[in-house]
Every structure is written in C-alpha cells, then in structure tokens.
Amino acid sequence: MRDRIRSVLRQHAQLAQTIEELSDEADLYRAGLTSHATVNVMLALEDEFEIEFPESLLLRRTFGSVRAIEEALSSVPSPSSRS
Amino acid sequence: MPPSVAERAVGNEHPRVPVGLDVRSWEERVAAVAACAGQHATQVDAAARFPAEAVEAMGAEGLLGAWIEPTLGGLGASIEQIAWACGEIGQRCASSAMVFAMHQIQVASLVRHAGDSDWWTARLREIASTQRLIASATSEVGVGGDLRSSKCAIQIDGRVGTLTKQAPVISYGLEADDILATARRAGDATPGDQQLVLLRRTEYSLEQTSRWEALGMRGTCSHGFTLTARFPAEAVVPDAFARIATDTMVPVSHLLWASVWLGVATDAVRRARTFAREDARRSGRTGGNARLAHLVARLHAFRGVVHEEVREYAARMDDPDALGTMAYAIRVNNLKVNASEAVVAIVQEAMLVAGIAGYRTDTSVTLGRSLRDALGALVMINNDRIVAANASLLLASRED
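In the order they appear, the protein sequences are chains A and B.
According to the working numbering, the residues represented by the first sequence are 1 to 83, in order.
According to the working numbering, the residues represented by the second sequence are 1 to 400, in order.
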C-alpha cells in the first residue's frame, strides 16, 4: 500500500524533495505540499484505491505523511464492503 | 534581551493604562470607544490618518487585551463579544473598527497558539497590562498575496533571531507597539513551512516603501515597509503557522472583518432610514418606503449570516479536527465572499433610498465614506482568489 501511496505522491504532491528522500513519517507539508496539491493527491488516492474519503477525513493532517495517509485509507471502507 | 536594531522614529513608548477593569460592562466599554471613533471618523477619513483617539480609548477601556484571560490581566471576552464590538465600532468609523479587528486577530493567534511557557505568559500579561497594539506583517512582495507562502526566512543564531521582510502592507505599522510577522521557519524551509514571530517595537526598524492613499479604509494607514528585526529566539510562536492559519487567523479574520462590514451596512441603513423618515414627514406621505423595507430585510439576512458563523466558530474553536476540514474552510471562505458582497449591495441600495442627499458628501445622511469603505471588502483578500481556492477545495469536499 505504501508503494502505491508513494507513487501517487510522486505524481501529484509537487514536493520540494523527491518522495524517495522522505520517510513514512516525514511531514509532507513541511516538504512543500500545498493545499491545492493536497486536493490533487486526495483525488488521485481515491482513483488509485477506488474509495471515497468521508468528509470527516478531509483534514489537513489526513495527508500529512505517508503513514497518516495509510492509516486514513485503512479506515475507509472499500466499495465492496459498502452496503 | 538582545540589543535593538534601531529605535523607532515614530510612535510613543509610554504604555497605555487600562482603567476601571472591574466596574464597567463590556457594552459600556465598547460604547465609549465607538463614540470616540465616531467623533473623529470624518477627519480620520479626510486626512487618511491613524484613528489615534479611538485606539487610545480602546486602551483606556482595556479592549486591546480583550481576548486575554482575566488571570493574565485581560478581559477574557468571547468571540461573540469581540465580533459584536467590531460591528458597534464599525457603525461609527470603519477604519477604527478594522484596526480593532486586526489587533484582535493577532492577539487571538498568540492566545491560542503561543502555549503557556513563562516567556509567553509574560508577554501576554504585558500586552494586557500596557495595552500594546499589535500589527500584522503577513503579506510579502513576490508571493502574490498568498498568506500561506513566504519568501523571507527566520535565521536563528544561538538565542537571537533575525528577519528581513519586504512587506507591501503593514496596517498601522508605524503606530503599532508590536508586529506579528510570518516567515519561513529557516533558510532551508519550503515556502509553506512558516512560523509566526512576535517583534517588539525596540526589536525592529521599518523603512517605509509606499504610502497608503486609498479610496476607503483610509485610517488603517496600510503603508508598505521593509521590516528588519533582531529578536530573542523565544519570540517564534511555537505552533506551526499552517495550524495557526487554519484554526485561528483565517476564520477569525473573516468573522471579524464581516462584523466590521456589518457595522458599515448597519450605519448605511440607519442613514437611509433617517432620510426616508424626514422625507415622509416633509411630503406628508404615509405609505412608507418599500425600498427601505427591502433594504432592512437585506440587512437582517446579512446579520443572520454573521451571527450564525460567529456561533459556529465558537462551537468548533476548541476542536482542531472540526476547524481543519475542507468543508469548514469552504464555509469560512464563503462568509468572506458573501459578507463583502452584502455590504456593498446594502450601501448601494441605501444610496437609492437617500438619493442625492446620500450621494452628496456634505449632508447628515451622506453615504460617500460608507461606500468607499465598503468597496475595500471586495479586495481585502480579493474575492476572486477566495473563489478560486474554494473551486479547488470543492473538487474534494462533497458537503453541501
């Protein structure tokens, strides 16, 4: 999952550093993630994982690090488990 | 204390002394300030000068420490009370009200994000006890007015920090006692990796680069400056600016600005009503003025929106998750757009009621200053920028 997250970030996060230089815990905002880029990352994650983030997860800290994104994705029900 | 870079040429170093903190009600204090602001409003506007009398009155009434809790010597006012005060002062002098609002935004950022270290507690106590006026240096030449982006950087060397910032605007920069500035956290930080730093008058020098000569809000004296500062390392506000902006600076700015504009609109409607009543008396008509009735309906709708958003913030203000959602960001942005459009529309409609008497600048119901002050609302953080931000957020958020 982390590789797929990193792949999305590589394409959409527009960071000052390459994603390979950053640990899973590194602060992505500190690395240059803007609110505009956050929206693109979020949309790309939804496409990649075929999920829809609930409104309650559309928070700054949800996209703050690779780890935070992973935790958020794990908490979102996949389409197949939805009634 | 680090040595000061240069003493300020303008401004007085004597502290303001708040009086009668325990006796007077919030309403009495605000009424006194509003009355004083009203007395000097025409002259402040005409000369584009700082509303010194109104700000001295704010200090005397303790209002510059309104947001600070009573245990630290402040008044411990609520956001509802402070927003209401913006509206009351705004009915008399929009420039005075905007200075009041901007100061409260700075204090709110400190109260909510500086933490409770001895150093910061002492600073908050000092702001309350000597009623220091705090200005803001957030905009910067070369970042296109983007609050969340800085070019300049804080340099920390041991216990001393330095900063140089090209600020196209620092409202009441010459008159302030302290300046709260944004900058990149360090020389190698990205543009969005910002911190706030509180600079005392003795710790900075200002070189004026432009003069505020504007259509309205003329008393805010929003000149441009090069800010050069040398300050103790503790003066960097502990929370990251990203958090301060989301949780406090952006929502509180929009709430208090909207409250000031509500005051401008309320005053314009009062002028229109005065004219309509006198006109009816003169002409002997008894049917009333339908346009005035429509105008009052608009004012009530505007007031409803502002009050609802102030209550909403009060309900969320201690919950970062509730403040940090995209849906709430959109909502706060919309308040700014709606409120700025409402104040212009209301003042314009008031002009139709008051007719030539409102258009003239020498009558008791003149709307000239109201209209000029109101138009500033559209471009203080340009509405097009805010709509563009919301358009982006709406790609993600699905909340209605």
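Just so you know, these hints were derived from the structure itself, not from any lab.
Here the structure is a predicted model, which is why all the values come from computation and not from measurement.
By construction, the Cβ of each residue, glycine as well, lies at the ideal position given by its N, Cα and C atoms.
Be aware that a few hints might be false.
Said to hold, decoys possible - Partial pick of chain A residues on the chain B-facing surface, computed with a CB cut under 10 angstroms:
1) Arg4
2) Ala16
3) Ile19
4) Arg30
5) Phe49
6) Ser56
Stated by the list, open to error - A few chain B residues that don't get close to chain A, going by computed Cβ distances all over 12 angstroms:
7) Gly224
8) Arg243
9) Thr246
10) Ala322
11) Thr363
12) Ser392
13) Glu399
What the hints assert, rightly or not - Derived contacts from chain A toward chain B, CB cut-off under 10 angstroms, selection only:
14) Tyr29
15) Leu57
16) Arg61
If any of the earlier hints don't hold here, list their numbers in rising order. 1, 3, 5, 8, 9, 10, 12, 13
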